[in-house]
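The opening position of the sequence shown corresponds to residue 1 in our numbering, with each subsequent residue numbered one higher.
Mixed in with the good hints there might be a few duds.
Pair ranges (Cβ atoms, derived) [to be verified]:
no., residue 1, residue 2, range
1, Ile125, Ala86, 45 to 53 Å
2, Lys88, Pro126, 44 to 52 Å
3, Ala129, Ile81, 23 to 31 Å
4, Phe15, Phe188, 38 to 46 Å
5, Arg119, Ile191, 26 to 34 Å
6, Phe188, Arg121, 41 to 49 Å
7, Glu111, Gln146, 22 to 30 Å
8, Gln146, Arg96, 14 to 22 Å
9, Pro126, Lys103, 22 to 30 Å
10, Thr127, Glu169, 27 to 35 Å
11, Pro42, Gln146, 13 to 21 Å
12, Glu169, Leu18, 40 to 48 Å
13, Lys22, Pro126, 47 to 55 Å
Below, simulated SDA-like cross-link-like pairs (lysine to any residue); rule was C-alpha separation at most 25 Å, straight line [what the hints assert, rightly or not]:
no., residue 1, residue 2
14, Lys103, His150
15, Lys82, Ser160
16, Lys122, Ala53
If you're looking for bench data, these hints aren't it; they were derived computationally from the structure.
Where is the CB? At the ideal position from N, CA and C, for every residue including glycine.
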Amino acid sequence: MVWIDEPMIQFEQLFPALPSRKFDLVFFTSPQTARAFYAAFPHNDLPAASLGAGTARQIPRHITQVFTGVDSAPEVINTFIKEFPAAKVLIPCGDRSFRRLQKALNPQQFEEVIVYHTRNRKVHIPTCAVYAFTSPSNVESFFSTQRVDHDAAYVAIGQSTAEALRKQEKNPRIAEDYGQKALARAIFSAIDS
């Protein structure tokens, strides 16, 4: 069995000015967002909230973590808003972010700062039995440069990635969580079927 691990996107780090408003906390929606934020603002010590455990692991140890989601994105956002109804929130994001939290909060309650750009990569991927995707951006980039004209299985991490695959008329298996072990189990399940 051959494994090909090839990202279809790359990230361009940005170094924007930090908004001058006072914030109660910073909310991270992805591991990439946390990495890019602390690369741009290494001395920022705002308490942190994150969409999930994988994202929380990218937050430096000296930062106080006040919230870590444990459910799907919509449920996590609802829980966060209930627990922090009046918080002033700094939201780092990429240029292709879904902006789910921003859409759910009152506009006076948050400010976003774009800390990276997502760029498609033009990479040729040989024919595979299973294609696994970790983000909608990877799906979009893959199908903009690849033609899959054989029966293949598709695996997605997360509902938004699965939806991107459905838009390509693919029926993905969805990993049960966002971790690498769950992704591997979903891939093996696709191979065995």
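Against the structure, test the hints numbered earlier, and report the numbers of the ones violated in rising order. 3, 6, 7, 9, 10, 11, 14, 16
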